[in-house]
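Engineer: Chains as they are written, first to last, in the working numbering: chain L, 1 to 180; chain H, 181 to 683.
No lab work stands behind these hints: they were computed from the structure. Every residue gets a Cβ at the ideal spot worked out from N, C-alpha and C, and that includes glycine. Some hints here could point you the wrong way.
As the list claims (entries may be wrong) - Some chain H residues well away from chain L (every beta-carbon gap over 10 Å; in silico):
id : residue
1  : L184
2  : M306
3  : P313
4  : A319
5  : F322
6  : K348
7  : I351
8  : F375
9  : S472
10 : W520
11 : K533
12 : E628
13 : S647
14 : R679
Said to hold, decoys possible - Facing chain L, from chain H, some residues (calculated, C-beta under 8 Å):
id : residue
15 : L355
16 : L357
17 : G361
18 : M575
19 : Y585
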Amino acid sequence: MSNTDIEIVVEDPTAPEADSPAVTSVRAADVVVCLLLLALATTLGYDNWRTGAGWESTGPQSGYFPFYLSIILAGASLYGLVAAFLSRREASEVFVTRAQLRRVMAVFVPTVLFCLAMQFLGLYVASFLLIAGFMRMVGKIALWKSLLTAFVFTAVMFVTFDIAFDVIMPKGPLEAALGR
Amino acid sequence: MEALGLLMHGFAVLLTWKTLLLMMLGLVLGIFVGVLPGLGGPNGVAILLPLTFTMDPTSAIVMLSCIYWGALFGGAITSILFNIPGEAWSVATTFDGYPMAQQGRAAEALTAAFTSSFIGSLVAVMLITFLAPMISSFALKFGPPEFFAVYLLTFCSFVGLGREAKHKTVISMSLGLLLAGIGMDTVSGQLRMTFGSAELLRGVNFLVAVIGLFGISEILLTMEERLALRGHAAGISLRVVLSVWKDLPKYWVTLFRSSFIGCWLGITPGGAIAASFMGYNLAKRFSKDQDSFGKGRIEGVFAPETAAHASGTAALLPMLALGIPGSGTAAILLGGLMVWGLNPGPLLFVEHKDFVWGLIASMYLGNVVGLVLVLTTVPIFASILRVPFAAVAPMIVVSCAIGAYAIQNAMFDIWLMLGFGVVGYVFKKIGIPLAPFTLALVLGNRAEDAFRLSMIGSGGDMKVFWSNGLVGSITTLAIVLLFWPVIDWAFGSVTRMLRPAKA
Chain L
1 MSNTDIEIVV EDPTAPEADS PAVTSVRAAD VVVCLLLLAL ATTLGYDNWR TGAGWESTGP
61 QSGYFPFYLS IILAGASLYG LVAAFLSRRE ASEVFVTRAQ LRRVMAVFVP TVLFCLAMQF
121 LGLYVASFLL IAGFMRMVGK IALWKSLLTA FVFTAVMFVT FDIAFDVIMP KGPLEAALGR
Chain H
181 MEALGLLMHG FAVLLTWKTL LLMMLGLVLG IFVGVLPGLG GPNGVAILLP LTFTMDPTSA
241 IVMLSCIYWG ALFGGAITSI LFNIPGEAWS VATTFDGYPM AQQGRAAEAL TAAFTSSFIG
301 SLVAVMLITF LAPMISSFAL KFGPPEFFAV YLLTFCSFVG LGREAKHKTV ISMSLGLLLA
361 GIGMDTVSGQ LRMTFGSAEL LRGVNFLVAV IGLFGISEIL LTMEERLALR GHAAGISLRV
421 VLSVWKDLPK YWVTLFRSSF IGCWLGITPG GAIAASFMGY NLAKRFSKDQ DSFGKGRIEG
481 VFAPETAAHA SGTAALLPML ALGIPGSGTA AILLGGLMVW GLNPGPLLFV EHKDFVWGLI
541 ASMYLGNVVG LVLVLTTVPI FASILRVPFA AVAPMIVVSC AIGAYAIQNA MFDIWLMLGF
601 GVVGYVFKKI GIPLAPFTLA LVLGNRAEDA FRLSMIGSGG DMKVFWSNGL VGSITTLAIV
661 LLFWPVIDWA FGSVTRMLRP AKA
């Protein structure tokens, strides 16, 4: 395959199976998104109409510009809804397979937990837990490597943002105990 | 000539140890984000923006623009060595770049890519140097109707000329404009679309949205795919570099044509993706040996890289001169300017000469230093891909969270970022483009202010947008571009109908 001496090869042991069943089609996703956007446009349109979408002596009222944008958004969403129903291509295209969804959730769920933990433990402790936990549990990387990587990365972030660039980050009990 | 004097002043502002160090740091970080899967130019700039909050604006923008150049250079490494285009504009580079790597000519392909990136950027920076002051002095004569017409032109050209389904571009743009209006109305001080939430009083910060839309969603998308890589390691020797450079004059037509296409599509919001494909296709069409394209021809690397980089750089011209970004990354840089209290647009050239010319000088210097840096460090950066994604992904998530939180020190922004991450993931999968959304979110308030001021001035008469030749031409052009697909179709139909009649 190659005439170069060295190749870089990175394997992915947890790759999603190619024959995994579809969870939903692009059409279904398109329809749901258009309906949600339609609902959003209606809500925002009503709020702007209530704020004042007309004209007063000093010029257009506060809700004038966003009110008409809500109408444009609603119109485009309605068009999208009809287009999604008429499209044969979208009906046959897979939005996400079960294996892909499992992998997406493997990132998304820890990210949500990380955001929750940040409120109570502070950014740096939550970061350490996220990186170490993710490397160990999702990547199946050796425990010592996971802990060391998480510690080094978190320490670099702390030194860079908190000490060198003086950017204030959410702190938790550990930072309080260390007097920061 | 005045521009040259000011440029020299820019170099004087720039040439301090501190700024040069920041430039190097920006380039290294940029190449890093360009190479890493799940990151890229816009994400890198948005995530690393908080690093610059405590700096003076000149140092900050120099570092951010160098992250941008670095990311552009870094993207070519994965395209050529791994056949993985880090950004959509790198797709055309893989057509001939990867076959060259397979033939054992990886070093030659990389040198060609870096050199052509440099040439494309250099041409665009020269254009900025001479055109930006002229455009900005012309724009000083603009009133609110002219500015609104220019904003309208930007929005309409995205809808009319974009490759995506038109209604999806309209959805993306109107959603961005609506979200930009959340919070306190800048003219009347009235609250809009806050629904009683204290958190929404501040509005939706576009950087938080960008970090979610590009950073978090990209992690989700990258994770979804198989992450196995098989590629080539490459080191670049001086001999290869000199041999590629020696042959450069042979390709001057390709380089010139691609630079022109790139600059044109960068200034109008055509974008780097269209530029790279157009550059590649024209190089192929005008070639005597068209069949050799796609099989490892060096011109196939020169053409798209020159065009993409000229376009990416030229997109900064309307941002600096008019306050209208020509690309997603330019929009993020524009957001950065606003964070530091600078108002992009024609007045920037009058009020902040040091800043503007320091930035333009850094474009020259950043490109030269970037070229040298990238040519000498390819093996190091290529080996970054050996790091498992399971280690890279959470680090990117943490960087995104830091970026989102640091903008306003608000925990709510972290949740907002997460929400935008999901939105970005879904939008990308169903083909709703994100660039118009970003642009609309950045320009929304300015466009609305310009519209309202025009309306107040005219007593509500829409004819104000045709009140003189300048504003009338821009508004008419905007409408023509909005309906361009219909006009194009009608013109095509008429031509087809006339053809058999003639026969």
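Engineer: For every hint, state whether the structure bears it out.
Structural biologist: Going through the hints against the structure:
Residue placement check: H/L184 keeps its beta carbon more than 10 Å from all beta carbons of chain L (closest about 35 Å). The non-interface label for H/M306 is consistent with chain L: the shortest C-beta to C-beta separation is roughly 34 Å, beyond 10 Å. Against the 10 Å criterion, H/P313 stays outside the reach of chain L, whose nearest CB is about 33 Å from its own CB. A cut-off of 10 Å between C-beta atoms confirms that H/A319 is not in contact with chain L; the least separation is 23 Å.
With 10 Å as the threshold on Cβ separation, the claim that H/F322 sits away from chain L holds: the shortest Cβ distance comes to roughly 19 Å. Its beta-carbon lying about 7 Å from the closest one in chain L, H/K348 breaks the requirement of being farther than 10 Å from that chain. Listed as a non-interface residue, H/I351 fails to keep its Cβ farther than 10 Å from every Cβ of chain L; the least gap is roughly 5 Å. Distance check on H/F375: its Cβ comes as close as 7 Å (rounded) to a Cβ of chain L, failing to clear the 10 Å threshold; non-interface status is violated.
The Cβ of H/S472 sits about 18 Å from the closest Cβ of chain L, beyond the 10 Å cut-off, so the non-interface label holds. For H/W520, the requirement that its beta carbon stay farther than 10 Å from each beta carbon of chain L is met, with the minimum near 14 Å. No beta-carbon of chain L is positioned within 10 Å of the beta-carbon of H/K533; the least distance is around 27 Å. Against the 10 Å criterion, H/E628 falls within the reach of chain L, whose nearest CB is about 5 Å from its own CB.
Distance check on H/S647: its Cβ is at least 17 Å (rounded) from any Cβ of chain L, clearing the 10 Å threshold; non-interface status holds. No beta-carbon of chain L is positioned within 10 Å of the beta-carbon of H/R679; the least distance is around 31 Å. At its closest, the beta carbon of H/L355 sits 6 Å from a beta carbon of chain L; the interface hint therefore holds under the 8 Å criterion. Taking 8 Å as the C-beta contact cut-off toward chain L, the hint placing H/L357 at the interface holds, the least distance being around 5 Å.
With its C-beta approaching chain L no nearer than about 4 Å, H/G361 sits inside the 8 Å limit, and its interface hint holds. With its C-beta approaching chain L no nearer than about 6 Å, H/M575 sits inside the 8 Å limit, and its interface hint holds. Taking 8 Å as the C-beta contact cut-off toward chain L, the hint placing H/Y585 at the interface holds, the least distance being around 6 Å.
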